[in-house]
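What follows is each chain in one-letter form.
Protein chains: 2
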Amino acid sequence: MTLNLYSLNMDKGLHYEAIVTTQNEDGTPNAAPMGVICKGPDQVVLRLHEGSHTIANVKREKKFYVNLSRDPLLFTYSLISNPPSTEFKKEKHGFSLKNADASFFGQVHHEKKVEKKDAMGENVTLMFHSQVQDIKQYKTESEPLNRAICGIIEALVNLSRVKRAPVEKKKEYTDRMKEISRVVNRVGGVEHKEAIELIKKEFEIRVKG
Amino acid sequence: MTLNLYSLNMDKGLHYEAIVTTQNEDGTPNAAPMGVICKGPDQVVLRLHEGSHTIANVKREKKFYVNLSRDPLLFTYSLISNPPSTEFKKEKHGFSLKNADASFFGQVHHEKKVEKKDAMGENVTLMFHSQVQDIKQYKTESEPLNRAICGIIEALVNLSRVKRAPVEKKKEYTDRMKEISRVVNRVGGVEHKEAIELIKKEFEIRVKG
Chain A
28 MTLNLYSLNM DKGLHYEAIV TTQNEDGTPN AAPMGVICKG PDQVVLRLHE
78 GSHTIANVKR EKKFYVNLSR DPLLFTYSLI SNPPSTEFKK EKHGFSLKNA
128 DASFFGQVHH EKKVEKKDAM GENVTLMFHS QVQDIKQYKT ESEPLNRAIC
178 GIIEALVNLS RVKRAPVEKK KEYTDRMKEI SRVVNRVGGV EHKEAIELIK
228 KEFEIRVKG
Chain B
28 MTLNLYSLNM DKGLHYEAIV TTQNEDGTPN AAPMGVICKG PDQVVLRLHE
78 GSHTIANVKR EKKFYVNLSR DPLLFTYSLI SNPPSTEFKK EKHGFSLKNA
128 DASFFGQVHH EKKVEKKDAM GENVTLMFHS QVQDIKQYKT ESEPLNRAIC
178 GIIEALVNLS RVKRAPVEKK KEYTDRMKEI SRVVNRVGGV EHKEAIELIK
228 KEFEIRVKG
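Just so you know, the sequences run in chain order A and B.
Each residue of the first sequence is one higher than the last, beginning at 28 in our numbering.
Each residue of the second sequence is one higher than the last, beginning at 28 in our numbering.
Hints in this document: simulated from the structure, not taken from any laboratory.
Note that the structure is predicted; figures quoted are calculated from it, not measured.
The reader is advised that the hints may include incorrect statements.
Any copy will do: because identical chains look the same in the list, a pair fits if it lies in one copy or spans two.
As the list claims (entries may be wrong) - Straight-line Cα separation of at most 30 Å, DSS-like style, residue types lysine-lysine; simulated pairs:
1. K220 x K116
2. K190 x K143
3. K39 x K144
4. K228 x K196
5. K220 x K125
6. K190 x K205
7. K198 x K227
8. K190 x K90
9. K39 x K66
10. K235 x K143
11. K140 x K197
12. K196 x K140
13. K228 x K39
14. K196 x K166
15. K220 x K139
16. K190 x K139
17. K227 x K144
18. K163 x K205
19. K196 x K116
20. K119 x K66
21. K125 x K228
22. K228 x K116
23. K205 x K139
Based on the sequences and whatever the hints tell you, model everything.
As structure tokens, then:
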């Protein structure tokens with residue numbers, strides 16, 4: 028059976044948290060946590076912020092590996108520094124991570140720059156539209172990491188608490204709800220978006236009560 | 028093969044988000060999102076806040092069903108009102124949810140009251156130590172919902188942003204990091220706790236930089 032992204036429990040349109048591995052100019056491996064959007068059974072968009080180490084590698088090589096994992100330490104080491112070199116596995120076009128739940132190769136075919144102003148100032152994101160190949164699934168019962176359900180659960184916790192929150196806390200809850208809603212709408216599917224709308228409506232009622 | 032909680036990908040000591048179904052005094056079904064702690068292959072603790080509908084039912088009947096799901100609308104309806112009655116399935120000792128990824132029956136054998144003061148005032152939690160029976164797994168590739176990895180990902184996002192955050196935003200990031208750390212330490216496993224400690228240390232360095 029040929030694997031595709033749907034075999035990895037990915038859904039079209041959803042945004043997943045993954046660890047992207049690339050090759051540095053000197054041939055050494057690099058790993059960093061990144062957002063990956065599933066665009067079809069063999070298509071992804073890699074979302075990278077200007078200035079990262081990974082972006083220089085992807086721009087130069089047009090190649091990367093995506094590693095799916097739920098390992099908190101693998102994510103943490105990938106952001107803070109790099110996982111130990113023993114964690115990397117040599118692949119045909121670079122490196123993947125040995126202990127990933129699944130991995131695949133991405134070949135960039137199209138690049139798009141998105142400039143946006145947010146609370147942090149100017150924000151430049153590069154979207155690398157890529158063809159997926161060489162999908163490997165090491166752990167079948169694993170789900171790719173999507174933050175939408177995290178947001179829904181947190182929003183429900185907020186909702187259940189807001190009524191008995193002291194007045195000075197209500198603004199904090201309201202701000203938090205806005206931020207959660209923003210994330211869920213960015214990374215979630217249709218049902219997550221429907222759920223967050225229902226929660227926001229109920230929140231409006233309870234925050235006044 | 029006899030299923031146990033570990034077959035559902037639950038780990039000892041971890042805290043999961045689930046939907047608990049109980050029977051009301053008039054025989055109708057009730058569903059609510061609740062925290063369930065896995066204490067062993069056939070042992071859970073149900074954590075309930077004083078005042079909920081579910082708590083009255085569990086106190087009276089000493090029985091409940093736990094439904095594992097990642098369905099955002101099922102969680103949302105269970106908190107706001109109740110899922111439609113067609114979503115419930117009649118079971119020997121009450122009700123479960125038809126579209127759960129897995130479900131099991133819990134029989135309370137021991138009850139403990141925990142009183143705590145927090146930002147919200149007095150907080151009474153009841154811990155129902157329970158024997159698990161009748162485990163059913165409908166979707167094998169699903170993972171039970173644990174908020175620890177959500178917290179780790181959010182903490183990493185915070186960490187990657189704090190350096191370029193304006194001064195007036197840094198306090199917000201620091202407060203948020205405290206709250207995430209509290210949740211991860213409550214619901215996570217050893218590796219989640221280790222990861223959050225590493226992130227906090229690195230955060231301390233970057234927030235000053």
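Okay, the hints, checked on the actual structure:
no.: 1; hint: K220 x K116; in the structure: between (38 Å within a copy, 27 Å between copies)
no.: 2; hint: K190 x K143; in the structure: between (36 Å within a copy, 19 Å between copies)
no.: 3; hint: K39 x K144; in the structure: within (27 Å within a copy, 45 Å between copies)
no.: 4; hint: K228 x K196; in the structure: both (19 Å within a copy, 28 Å between copies)
no.: 5; hint: K220 x K125; in the structure: between (35 Å within a copy, 23 Å between copies)
no.: 6; hint: K190 x K205; in the structure: both (17 Å within a copy, 23 Å between copies)
no.: 7; hint: K198 x K227; in the structure: both (14 Å within a copy, 26 Å between copies)
no.: 8; hint: K190 x K90; in the structure: between (50 Å within a copy, 29 Å between copies)
no.: 9; hint: K39 x K66; in the structure: within (5 Å within a copy, 37 Å between copies)
no.: 10; hint: K235 x K143; in the structure: between (34 Å within a copy, 26 Å between copies)
no.: 11; hint: K140 x K197; in the structure: between (38 Å within a copy, 28 Å between copies)
no.: 12; hint: K196 x K140; in the structure: between (39 Å within a copy, 27 Å between copies)
no.: 13; hint: K228 x K39; in the structure: within (27 Å within a copy, 37 Å between copies)
no.: 14; hint: K196 x K166; in the structure: neither (43 Å within a copy, 40 Å between copies)
no.: 15; hint: K220 x K139; in the structure: within (26 Å within a copy, 38 Å between copies)
no.: 16; hint: K190 x K139; in the structure: between (44 Å within a copy, 26 Å between copies)
no.: 17; hint: K227 x K144; in the structure: both (25 Å within a copy, 28 Å between copies)
no.: 18; hint: K163 x K205; in the structure: neither (37 Å within a copy, 37 Å between copies)
no.: 19; hint: K196 x K116; in the structure: neither (49 Å within a copy, 39 Å between copies)
no.: 20; hint: K119 x K66; in the structure: within (24 Å within a copy, 44 Å between copies)
no.: 21; hint: K125 x K228; in the structure: between (45 Å within a copy, 27 Å between copies)
no.: 22; hint: K228 x K116; in the structure: between (48 Å within a copy, 29 Å between copies)
no.: 23; hint: K205 x K139; in the structure: within (28 Å within a copy, 36 Å between copies)
In summary, the numbered hints that this structure violates are 14, 18 and 19.
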